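For the sequence shown, position 150 matches number 150 in this note's numbering, and the numbering has no gaps at all.
Since the hints were derived computationally from the structure, they do not count as laboratory data. In this text, all values refer to a predicted model and were calculated from it rather than measured experimentally. All the given hints hold, so there is nothing to weed out.
Estimated spans, in silico, between C-beta atoms of each pair: (1) Gln170 <-> Arg348: 19 to 27 Å; (2) Leu198 <-> Glu234: 26 to 34 Å; (3) Asp119 <-> Pro190: 20 to 28 Å.
All C-beta atoms, glycine included, are put in the ideal place defined by N, C-alpha and C.
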Amino acid sequence: MTTLEQDQTALDELYRDFSAANLIPLWTTRSDLMPLSPRPAAVPYVWRWSELYPLAQRSGDLVPVGRGGERRAIALANPGLPGQPYATPTLWAAIQYLGPRETAPSHHHTQTAFRFVIDGEGVWTNVEGDPVAMRRGDLLLTPSWAFHEHQNTSDQPMAWIDGLDIPLVQQLDAGFFEFGPDKLGTTATPDRSRNERLWGHPGLRPIGAADQPSSPLMAYRWAHTDAALTAQLELADEGHPTTLEPGHAGVRYSNPTTGGDALVTMRTEFHRLRAGVRTAPRRIVGSAVWQVFDGEATVTLGEERFTVKKGDLFAVPSWCEHSIEASTQADLFRFSDEPVYDALGLTRLARQAVEGREAR
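Full structure from sequences and hints, please.
Okay, here's the thing in structure tokens:
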């Protein structure tokens, strides 16, 4: 046996011994463990509201709401994550459907949640016993470990989008879940919840209130969001630098006790693009899900282009180059996992500048 053959035999024996001891050498796995740039398993994908809503309606006819499943929620499953009910590796998005006069029982869990309403009204979500009205364009929060239940007081069904950090909590092995009472804690239907009466005054904070990790304001109303976006564009027309880009206004939902993100693990934003405006292509470490609230646009995700309209949702994986071009005025809700990356010091943004230079 030659020296080369002896060395190969010894090396083969070394690898067998590694395997027997449940060891894997870095030099055989470096490119997978530490790639030159992110290589997400999730893929860019669009879910059509015209398909989602009829399926939710059918489930409303066939699937009861009650203990066990707890919610009639249908998760968006990214094709790049086969077998998993996840929109991205860290974000859960689902359409939830509540029929006329139906209730969804109380529970709480480690996972942080929000609801965004594309259309309708007549549903109240009771968060820690505080009834919060759900209406078109509203963002409703359910912080980690807050008891919550829903009731539909109307004769019409209602559907909305749920966003949660379920995949992130799952990967961290940090999930806990507990059932609440079977009966609704309250059937009250106030126009304004207690948390809005205390916290819903722009720029005014109760002096005696302590900082809280998640926002104590459970409802961010469409009237305020719409007014803020309108004002940004009007001020930009007057020559003031108020927008993200020409014709592109954006707001971030914030925690009034800290000024940071409204939720600890998810960033929530709303964007408005004037007709004909195209956002600069950009890549961001971390993933996001967008929903078209109103209007039509063309979305470029990597090498693919999609036409999207009211209700459609699309997933943007980590470091996927993306841009949006509005065909009409386009209003879009966005949520992402960016607060997690910020906290870990892993934030990175690459944006293609107008003149073609890469700005970091």
